[in-house]
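Could you fit the two chains together into a complex? Lean on the hints.
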Amino acid sequence: MDVNLIFRIAGIGILISVLNMVLKQAGKEEQAQMLTLAGVVVVLLMVIQLIARLFSDVRAVFQL
Amino acid sequence: MEIVRLAGIGLIAAVLALLLRAERPELAIQVSIAAGALLLLLTVGRLVEVLELLLSLVRRAGLDLFYLNTVLKIIGVGYLVGFAAQICRDAGERAVAEKLELAGKVAIMALALPILLAVVDAVTRILP
Numbered sequence: 001m002d003v004n005l006i007f008r009i010a011g012i013g014i015l016i017s018v019l020n021m022v023l024k025q026a027g028k029e030e031q032a033q034m035l036t037l038a039g040v041v042v043v044l045l046m047v048i049q050l051i052a053r054l055f056s057d058v059r060a061v062f063q064l
Numbered sequence: 001m002e003i004v005r006l007a008g009i010g011l012i013a014a015v016l017a018l019l020l021r022a023e024r025p026e027l028a029i030q031v032s033i034a035a036g037a038l039l040l041l042l043t044v045g046r047l048v049e050v051l052e053l054l055l056s057l058v059r060r061a062g063l064d065l066f067y068l069n070t071v072l073k074i075i076g077v078g079y080l081v082g083f084a085a086q087i088c089r090d091a092g093e094r095a096v097a098e099k100l101e102l103a104g105k106v107a108i109m110a111l112a113l114p115i116l117l118a119v120v121d122a123v124t125r126i127l128p
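Residue numbers (this note's numbering), protein chains in the order written: chain A, 1 to 64; chain B, 1 to 128.
Next comes chain B alone, as it looks inside the complex (with noise of 0.2 Å):
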């Protein structure tokens, strides 16, 4: 089973980053970011199988793709922001990790900004 392999590789990392944080602090992170990457890797090819269900749901339902399209693209950010800003933090550089999870904020601020001009419009279509 895929999971339990992704549990295997978490703690073989966990127990690899312990045995060198005391001796090569720079070598347990890297052991530490290349754990995350690889789990996350491993995780995205199950969330592709999630993403084309989701995706041929709003086909069916005759929604605008352009909708799920922006969500989608949410997701990746925080994604890609959280994996960034959790390393930082790992790290010891947490205000580094503050000042990507604030750039990360706004990019998603910047994504949705179409989508509430398009609730903006629907109500002043309904008020006369």
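In isolation and in its complexed conformation, chain A is listed as follows (with noise of 0.2 Å):
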């Protein structure tokens, strides 16, 4: 189930290294580097929730 997670967020990883690529050979310095950032921050957010579960699991568990 949650395997795909690890998935799409090598899949992020490797368009955004294809397209930082593109824009870096088009010139776009600064665009490329907003796209990293906004790469990092997606991946970001779908991390938090699962590490958000797991320390509510862990809390649950050993009534932390």
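Careful, some of the hints might be misleading.
[To be verified] What the simulated footprint calls covered on chain A by chain B, stretch by stretch (three residues with Cβ under 8 Å from a Cβ of chain B suffice, anywhere in the stretch; the number is not a length):
no., segment
1, 6-19
2, 22-35
3, 46-54
[As the list claims (entries may be wrong)] Pairwise CB distance ranges, derived in the manner of DEER restraints:
no., chain 1, residue 1, chain 2, residue 2, range
4, A, Leu-37, B, Leu-57, 48 to 54 Å
5, B, Gly-62, A, Arg-53, 32 to 38 Å
6, B, Leu-54, A, Val-3, 28 to 34 Å
7, A, Leu-37, B, Arg-89, 22 to 28 Å
[Unchecked claim] With a cut-off of at most 20 Å between alpha-carbon atoms, the simulated SDA-like pairs for lysine to any residue come out as follows:
no., chain 1, residue 1, chain 2, residue 2
8, B, Lys-73, A, Ala-52
9, B, Lys-105, A, Val-58
10, B, Lys-73, A, Asp-57
11, B, Lys-73, B, Leu-111
12, B, Lys-73, A, Ala-38
13, B, Lys-99, B, Met-109
14, B, Lys-73, A, Lys-28
15, A, Lys-24, A, Met-34
16, B, Lys-73, A, Ser-56
17, A, Lys-28, B, Glu-23
18, B, Lys-105, B, Thr-70
19, A, Lys-24, B, Glu-26
20, B, Lys-105, B, Arg-125
21, B, Lys-73, B, Ala-95
22, B, Lys-105, A, Gln-63
23, B, Lys-73, A, Met-34
24, A, Lys-24, B, Glu-52
25, B, Lys-73, B, Glu-101
26, B, Lys-73, A, Arg-53
27, B, Lys-73, A, Val-58
28, B, Lys-73, A, Ala-60
29, B, Lys-105, A, Phe-55
30, B, Lys-105, A, Arg-59
31, B, Lys-73, A, Val-18
32, B, Lys-105, A, Met-34
33, A, Lys-24, B, Ala-22
34, B, Lys-73, B, Leu-40
35, B, Lys-73, A, Lys-24
36, A, Lys-24, B, Glu-23
It is worth saying that the hints were derived from the structure and are not from the lab.
All C-beta atoms in this analysis are idealised placements derived from N, C-alpha and C, irrespective of residue type, glycine included.
Shown next as structure tokens:
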């Protein structure tokens, strides 16, 4: 079920690397920078949901 | 089998992180964080069964539940702090990881103090 998340993150990473190369070739350095930032934020949003689930599960199990 | 799935997730995440490391190190870290969180999430489900068994043993022995709860809390702190500290170390932030582990040790010490007090109480009751 959740393995898809890992594939999605890796896919976003590969996509961003390719787009970054294209933008750099076209001489749009600042857009490439913004693209990197946007990719990190999108992936972070996905990862944070997973971590929040892990933390709430651990808190429930260990009664923290 | 569950363990085969876990091993597969670990291997896939390792390969994908390796693929991304050269080009996008920040996303490689995210892949390893996601894989770590996923593996721990799937492990917690199995851990619940073990803890249920432990709880029933404690009930049968008539022990105070407070002690088991304290031990559980300490294990939980170790679990979370270990997870976060290893991510920090993976990201190359060794100093942050050290501080986090120090914080975890202090938290565990604070949780363990009531048990230490109980031991001291028991000893003073035995001594005249």
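Against the structure, the hints come out as follows:
With 9 residues bearing a CB less than 8 Å from a CB of chain B, the segment 6-19 of chain A meets the requirement of three and the coverage assertion stands. For the segment 22-35 of chain A, the stated coverage by chain B is violated: 0 residues have a C-beta nearer than 8 Å to a C-beta of that chain, whereas at least 3 were required. A count of 6 residues in the segment 46-54 of chain A with a Cβ less than 8 Å from any Cβ of chain B is obtained; the coverage claim is therefore met, three being the minimum. In this structure the supplied range 48 to 54 Å holds for Leu-37/A paired with Leu-57/B, their Cβ-Cβ distance being about 52 Å.
Between Gly-62/B and Arg-53/A the Cβ separation comes to about 36 Å, which falls inside the hinted range of 32 to 38 Å. A C-beta distance of roughly 30 Å is found between Leu-54/B and Val-3/A, which places it inside the suggested range of 28 to 34 Å. Checked against the hint of 22 to 28 Å, the pair Leu-37/A and Arg-89/B passes, with Cβ atoms roughly 25 Å apart. For the proposed pair Lys-73/B and Ala-52/A, the alpha carbon gap of about 18 Å is at most 20 Å, so the pair holds.
Taking the CA atoms of Lys-105/B and Val-58/A, the gap is near 18 Å; set against the 20 Å cutoff, the hint holds. With a C-alpha separation of about 13 Å, the suggested pair Lys-73/B and Asp-57/A falls inside the 20 Å cut-off, and the hint holds. With a C-alpha separation of about 8 Å, the suggested pair Lys-73/B and Leu-111/B falls inside the 20 Å cut-off, and the hint holds. Of the pairs offered as hints, the one joining Lys-73/B and Ala-38/A is violated, with about 38 Å between alpha carbons and a cut-off of 20 Å exceeded.
With a C-alpha separation of about 15 Å, the suggested pairing of Lys-99/B with Met-109/B holds against the 20 Å cut-off. With a C-alpha separation of about 52 Å, the suggested pairing of Lys-73/B with Lys-28/A is violated against the 20 Å cut-off. The hinted pair formed by Lys-24/A and Met-34/A meets the criterion: a straight-line CA distance of about 12 Å does not exceed 20 Å. Of the supplied pair hints, the one linking Lys-73/B and Ser-56/A holds, its CA atoms being roughly 14 Å apart against a limit of 20 Å.
Restraint check: the Cα-Cα separation between Lys-28/A and Glu-23/B comes to about 18 Å, which is no more than 20 Å; the hinted pair holds. Between Lys-105/B and Thr-70/B the CA atoms are separated by roughly 14 Å; this keeps the pair inside 20 Å, and the hint holds. A hinted pair counts as satisfied when its Cα atoms are at most 20 Å apart, and Lys-24/A with Glu-26/B qualifies at roughly 19 Å. Only pairs whose Cα atoms come within 20 Å are accepted, and Lys-105/B paired with Arg-125/B is rejected, the gap being roughly 30 Å.
About 25 Å separates the Cα atoms of Lys-73/B and Ala-95/B, which puts this hinted pair outside 20 Å; it is violated. Taken as a hint, the Lys-105/B and Gln-63/A pair is honoured in the structure, with Cα atoms around 18 Å apart against an allowance of 20 Å. Of the supplied pair hints, the one linking Lys-73/B and Met-34/A is violated, its CA atoms being roughly 43 Å apart against a limit of 20 Å. Proposed proximity of Lys-24/A and Glu-52/B is contradicted: the alpha carbons are some 57 Å apart, above 20 Å.
Proximity of Lys-73/B to Glu-101/B is assessed by CA-CA distance (about 16 Å); at most 20 Å being required, the pair is judged to hold. Between the alpha carbons of Lys-73/B and Arg-53/A the distance comes to roughly 18 Å, so the proposed pair stays at or under 20 Å and holds. Note on Lys-73/B and Val-58/A: the hinted pairing holds, with a Cα-Cα distance of about 10 Å set against a maximum of 20 Å. Pair hint Lys-73/B plus Ala-60/A holds up; C-alpha atoms about 10 Å apart against a cutoff of 20 Å.
Restraint check for Lys-105/B and Phe-55/A: satisfied, since their Cα atoms lie roughly 19 Å apart, inside the 20 Å limit. For the suggested pair Lys-105/B and Arg-59/A, the alpha carbons sit about 18 Å apart, so the restraint of at most 20 Å is met. In summary, the hint linking Lys-73/B to Val-18/A is not supported, as the alpha carbons are separated by about 46 Å, beyond the 20 Å threshold. With a C-alpha separation of about 40 Å, the suggested pair Lys-105/B and Met-34/A falls outside the 20 Å cut-off, and the hint is violated.
About 17 Å separates the Cα atoms of Lys-24/A and Ala-22/B, which keeps this hinted pair within 20 Å; it holds. Using a Cα cut-off of 20 Å, the hinted pair Lys-73/B and Leu-40/B holds, with the two alpha carbons roughly 17 Å apart. With a CA separation close to 51 Å, the supplied pair Lys-73/B and Lys-24/A exceeds the 20 Å bound. Between Lys-24/A and Glu-23/B the CA atoms are separated by roughly 14 Å; this keeps the pair inside 20 Å, and the hint holds.
Of the numbered hints listed earlier, those contradicted by the structure are 2, 12, 14, 20, 21, 23, 24, 31, 32 and 35.
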